[in-house]
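Starting from the two chains in their separate frames, assemble the complex, guided by the hints.
Spelled out from the first residue to the last, the chains are:
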Amino acid sequence: MPERQPGFPEVDRVIHEPARLAILTVLSACTSADFVFLQAATGLSKGNLSVQLTRLEEAGLVNIERVLLGKKTRTEVELSRLGKRQLGDYWHTMKRIQAQGAAQRI
Amino acid sequence: MDQQHRLLFLTHRYYDLQSLRFAPVWAALLALGAAVKWLKISSTALGPAADWSVCLAVLAVEGLWYWMASLYYQRRFGWLKPDPLRLINQRRRGPLFFLFWTSMLAWAVYCGLHQSNAFFPYLLAALMSQPMFDAENPPLRRIAYGLGGLLIAAAALANRFAHLDGWVYFSSLCAVMLALGVADHMLLLSLLGPASEEADA
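Listed in order, the protein sequences are those of chains A and B. Note that this note's numbering has the first sequence beginning at 661, numbered continuously upward. Note that this note's numbering has the second sequence beginning at 1157, numbered continuously upward.
Simulated from the structure, these hints should not be mistaken for laboratory data. Glycine included, every Cβ here is placed at the ideal spot set by N, Cα and C. Among the hints, a few may not be true.
What the hints assert, rightly or not - In silico BS3-like links for lysine-lysine, alpha-carbon gap of 27 Å or less:
| # | chain 1 | residue 1 | chain 2 | residue 2 |
| --- | --- | --- | --- | --- |
| 1 | A | 755 | A | 706 |
| 2 | A | 744 | B | 1237 |
| 3 | B | 1237 | A | 731 |
| 4 | A | 732 | A | 755 |
| 5 | A | 755 | A | 744 |
| 6 | A | 755 | A | 731 |
| 7 | A | 732 | B | 1237 |
| 8 | A | 706 | B | 1237 |
Said to hold, decoys possible - So the derived label-pair ranges between C-beta atoms look like this:
| # | chain 1 | residue 1 | chain 2 | residue 2 | range |
| --- | --- | --- | --- | --- | --- |
| 9 | A | 718 | B | 1211 | 54 to 60 Å |
| 10 | A | 706 | B | 1226 | 19 to 25 Å |
| 11 | A | 731 | B | 1226 | 17 to 23 Å |
| 12 | A | 671 | B | 1283 | 44 to 50 Å |
| 13 | B | 1213 | A | 738 | 23 to 29 Å |
| 14 | B | 1299 | A | 691 | 54 to 60 Å |
| 15 | A | 720 | B | 1231 | 46 to 52 Å |
| 16 | B | 1342 | A | 711 | 27 to 33 Å |
Bound conformation, chain B alone (with noise of 0.2 Å):
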């Protein structure tokens, strides 16, 4: 990538490429599903009021990490305001997308994921996975987002057929979205690092 394409996909992906803000939310879901495999702690035995009482929290946790993170970029990294017509051409990829969630949708049901716990972190990560149709993108971070789609959805499939332990499809789905969070905030550390040699020059 030369210094021209770096700096203008680094201002256009600058927000993107903080996707370790929603770090809490997979975190926190991998550690519910470590609680119930290994504590064996059931939300049927605790009642709703608990599963609700999770849901709240995570949601705190996840609301402060954000803002913490947020305010962690804007201080380190600074400050921009995107360009609005860049935004209208990024919602022509909109009808592209739309299929693609629908189909990983239509693919939960079948797998009979909507039945279970992991159809919300599911819908979540296939929501995130938008990336992969973005052409600006790096073909490494492009295949990276596709191959975490198409592990999220091959998990899914597992999970029908091979009555996949919930455990392992949960961890790996959480796994492979904090995975593709650190590789987004080692991609933004990586854009922002050989800038000030050529710049200088």
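Only chain A is shown next, with the shape it has when bound in the complex (with noise of 0.2 Å):
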């Protein structure tokens, strides 16, 4: 849920979580990945990976899928156009607050 504190833009809550930044800054640097490589970058726990990224995709954010590889499944998952806009925005906003930081400080 956005939150405006006063004198900054706003900020997306649901990307701004340190975990789910993670998650999203990998997923922007490639087409999809696998749960195990998106556990082995952010360094998170089965179950918070999990917790998360079902949070991503309630969000819109992501697209989960399941493909079978004989008798094991790969969880692959990528970013969702609306993901890669609302990361796109969510820099954006940062920058925003950094130079609004920046120019409080002069």
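Below, the structure written as structure tokens:
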């Protein structure tokens, strides 16, 4: 849920959480990644990663697909179109806040 | 390297950092060089069939290792599908690398390396020193590959003028490439490691 602090632009709280931001950063740098890679890259526990991915999927930021590979299943995650746009907006907002902070220091 | 850059670099360079998958080529060439030097085995004595058998054996071992190492990396650290746009951007460095590789080729011919068995490993090593041109790489990795390339070129020059022992040339080339492969693997491990505490916090 976006939250507005006085004098600062809105920040998307779904993206702003560090674990979810780490997941989205990885996904923004590739077409798709599996659960194992996301876990290795972000260092999150299986349970935590699973919860964060569900949260991101509910928000429509990622698409999750389970692919059958013989007897095993691979969970593939990709950034949705909305996710790409929201993440771009998030970084734009962060830059604005940074610029605002720098201006206030001067 | 901050968290964001670490994650971006790791995702972009995940497969590049798996250069240890080529280790058997260098290990086999090192072993062959040692066999020629210490066991006095020469291909001229064994005939051309022996050359082909050795080549096929090295390729078979490399193929098997590559498959097994890829499986290991996939099971241990996961799988990802690279961004095609990024691959297109990488190809923009193509002309620079082509220029470098052509210079290395000309250098090998100048040093008379094209008439020796070390020509193919030399070209392969030159081809694999591509990371030195990638600005996204950490400076240490670029320096390591740059030094590796320099060492390979210097050894080729020494081979011509100081009539360096073929074994010394061969072993230095293979040792450099093996060391770079190990360094890449260590870099991959270090990039995966520190995330847990920061991301969980």
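Status of each hint after checking the structure:
{"no.": "1", "hint": "755(A) <-> 706(A)", "in the structure": "violated, 32 Å"}
{"no.": "2", "hint": "744(A) <-> 1237(B)", "in the structure": "holds, 16 Å"}
{"no.": "3", "hint": "1237(B) <-> 731(A)", "in the structure": "holds, 21 Å"}
{"no.": "4", "hint": "732(A) <-> 755(A)", "in the structure": "violated, 42 Å"}
{"no.": "5", "hint": "755(A) <-> 744(A)", "in the structure": "holds, 17 Å"}
{"no.": "6", "hint": "755(A) <-> 731(A)", "in the structure": "violated, 46 Å"}
{"no.": "7", "hint": "732(A) <-> 1237(B)", "in the structure": "holds, 18 Å"}
{"no.": "8", "hint": "706(A) <-> 1237(B)", "in the structure": "holds, 21 Å"}
{"no.": "9", "hint": "718(A) <-> 1211(B): 54 to 60 Å", "in the structure": "holds, 56 Å"}
{"no.": "10", "hint": "706(A) <-> 1226(B): 19 to 25 Å", "in the structure": "holds, 23 Å"}
{"no.": "11", "hint": "731(A) <-> 1226(B): 17 to 23 Å", "in the structure": "holds, 19 Å"}
{"no.": "12", "hint": "671(A) <-> 1283(B): 44 to 50 Å", "in the structure": "holds, 46 Å"}
{"no.": "13", "hint": "1213(B) <-> 738(A): 23 to 29 Å", "in the structure": "violated, 41 Å"}
{"no.": "14", "hint": "1299(B) <-> 691(A): 54 to 60 Å", "in the structure": "violated, 31 Å"}
{"no.": "15", "hint": "720(A) <-> 1231(B): 46 to 52 Å", "in the structure": "violated, 31 Å"}
{"no.": "16", "hint": "1342(B) <-> 711(A): 27 to 33 Å", "in the structure": "holds, 32 Å"}
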